[in-house]
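Colleague: Numbering follows the numbering used here, with no gaps: position 477 of the first sequence is 477.
A couple of the hints might just be wrong.
[Unchecked claim] Distance condition first, Cα-Cα at most 16 Å in a straight line; then the derived EDC-like pairs of lysine to aspartate or glutamate: (1) K40 <-> D270; (2) K117 <-> D314; (3) K117 <-> D431; (4) K472 <-> D445; (5) K472 <-> D231; (6) K474 <-> D231; (7) K106 <-> E456; (8) K155 <-> E310; (9) K106 <-> D431; (10) K472 <-> E456; (11) K120 <-> E310; (12) K474 <-> D107; (13) K154 <-> D180; (14) K147 <-> E173; (15) K155 <-> E173; (16) K146 <-> D180; (17) K474 <-> D445; (18) K472 <-> D270; (19) K413 <-> E456; (20) K472 <-> D314; (21) K110 <-> E432; (22) K106 <-> E215; (23) K474 <-> E432; (24) K146 <-> D107.
[Said to hold, decoys possible] Derived DEER-like restraints, expressed as beta-carbon distance ranges: (25) K124 <-> M10: 37 to 45 Å; (26) S137 <-> E24: 49 to 57 Å; (27) D361 <-> L264: 30 to 38 Å; (28) P158 <-> S137: 42 to 50 Å; (29) E219 <-> D361: 18 to 26 Å; (30) S81 <-> R409: 35 to 43 Å; (31) D231 <-> K117: 33 to 41 Å; (32) V67 <-> D361: 38 to 46 Å; (33) N103 <-> K154: 18 to 26 Å; (34) H143 <-> P271: 21 to 29 Å; (35) V427 <-> V406: 38 to 46 Å; (36) Q360 <-> D138: 37 to 45 Å.
These aren't lab readings, by the way, just hints derived from the structure by calculation.
The beta-carbon is built from N, C-alpha and C at its ideal position, and this holds for glycine as well.
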Amino acid sequence: MNNVGNFSNMTEGYRHQVKLPAGELTVYAAQQLFSSLDYKVFEMANNNLQIPDISYMGYTPDVHVGVGTCIGTTVVWEAQSGYVSPSIVGSDIGCGMRVHLTNLHKDDLKDLKLRRKLVKAIEKVLPMEASQRGHFSDIRLEHIVKKGLHGLPKKYIPDSYTPKKSTSLTHVESSKFTYDENVLNLVPDMTWHRSHRQLGTLGGGNHFAEIQAIEIAEENREVAEAWGLYDGQIAVMIHSGSRAWGGYVSQTSSTAIAKVMQRLGLGTSDPRLVFAPLEHAEGRHYVNMMYSALNYAVVNRHLIAYAIREAFRDVFGSKCEFRTLYDLMHNYAWEESHAERGSVFVHRKGATRALPAGHQDNPKPYMATGHPALIPGSMGTASFIMVGQPEGSDNYYSICHGAGRVRSRTATKRLVTVEDFATALGVGTADEIVVNQRSLESIIDESPQAYKNVDEIIDSVTGAGLAQVVAKCKPLAAVKGAK
DNA sequence: ATGTAC
């Protein structure tokens, strides 16, 4: 039984306007996908809609249950009178994707032994174990959380620092978040130490670095060419977040905000859903701390890319290019300006912003096309590079952030065998997707069988008119972090 | 997600 009771919905194509007791929710999904959604995601929406003054709440087709708020959620308040919620941002603050483009062709990696050699070379330079010391002990963490990429020593910026050109390794729009740095005084020494040690590490769960081959979508060949993509090109995709730093921010802020809620008499049916007025001291404190975690996350991905670049140069020589395509988060909240809606505070939890051509918030190099929206698939399946469409404004330009889980990690471990997983990766064939982990057993909860079919998710996003595919990225090798 | 939890 569901606790939401009867709710009605109006469906128009891929858009479902759902009327819940506490308010309205828009879901973007093909009919079949919409019908198959777990009723719990609607219960969760109904809890979230009990937070006062929400202007908009939307779900992307990969939506699934999370703590307090579903992954795949966009929630918007007016910037003047809004709320901020650590539960809606999610615990891995600043988690996101990064893509680098090489000048290699997939034929260069045809040889299975060479793919294995490349993965070994990556393992050599990339810190793997959470407990292992990072390789970046000369970096000042204080500079990183304060200045983002601008806090890195020059040696970690191998390409010339030219923000106007998309070819720079540092050119990402979220290179620096500014905030009241006094909040950092409260961070315990233990968190500083641990976070410093973890710089440049992938972390666990669904985080990965993948070597992929690009396949251009014919209908967007012009956009692909403008971005420097071509068929068969080798790209590197990275998925990681803010590690222990973001974990600390999330945990302590949630506890503090829960106390504020008690004092203010705020709450919903779910005690794990915490939120505070943006103007409240504790709300502001969280926003400041969240921004420090966004700086951490983008630098973390940058350093992972830096290490992998070294491995590529080790195997393919110093002429191997490794330019940044983009770096894009899918767990955060910030202020945005939207036409006719003015200044709004947008939360995205497992939701990727995809701006269309001409939107003023595009960084200059992507103004004419829209910026690349980076969407990971599950292990062994394709990932996607997309571009936003004007119709996306209805969902505040949020699109999916991946395939979306269909079963929990524990259920996956129970139901999926190592053999199934190995088959999905093509183990034993010449096309095997090489994985760094010695035993697949240890990462079986990340097998494709744990996820929805990413192609169906992408079909829903394109069908709803939110974004289009520019390139499909097929995995050749994957590096997963270890627990 | 997180050197994990009443």
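Colleague: A range of 35 to 43 Å was offered for this pair. Does it hold for the Cβ distance of S81 and R409?
Modeller: 39 Å, holds
Colleague: For the pair we were handed, K106 and E215, check the Cα-Cα distance against 16 Å.
Modeller: 10 Å, holds
Colleague: Can you let me know if the beta-carbon spacing of E219 and D361 is within 18 to 26 Å?
Modeller: 24 Å, holds
Colleague: With a cut-off of 16 Å on the C-alpha distance, tell me whether K472 and D314 pass.
Modeller: 27 Å, violated
Colleague: Can you tell me whether the CB distance of D231 to K117 sits inside 33 to 41 Å?
Modeller: 24 Å, violated
Colleague: Check the following: the C-beta atoms of H143 and P271 are separated by a distance inside 21 to 29 Å.
Modeller: 38 Å, violated
Colleague: Hint check: K472 vs E456, CA-CA at most 16 Å. Holds or violated?
Modeller: Holds, at roughly 14 Å.
Colleague: K154 and D180: Cα distance at most 16 Å?
Modeller: 25 Å, violated
Colleague: Starting from K474, check that the Cα of D231 is at most 16 Å away, please.
Modeller: 11 Å, holds
Colleague: Look at the Cβ atoms of V427 and V406 and judge whether their distance stays inside 38 to 46 Å.
Modeller: 23 Å, violated
Colleague: Starting from K155, check that the Cα of E173 is at most 16 Å away, please.
Modeller: 21 Å, violated
Colleague: Is it true that the CA of K40 sits at most 16 Å from the CA of D270?
Modeller: 12 Å, holds
Violated hints, in rising order: 4, 7, 13, 15, 17, 18, 19, 20, 24, 25, 28, 31, 32, 34, 35; the structure is consistent with all others.
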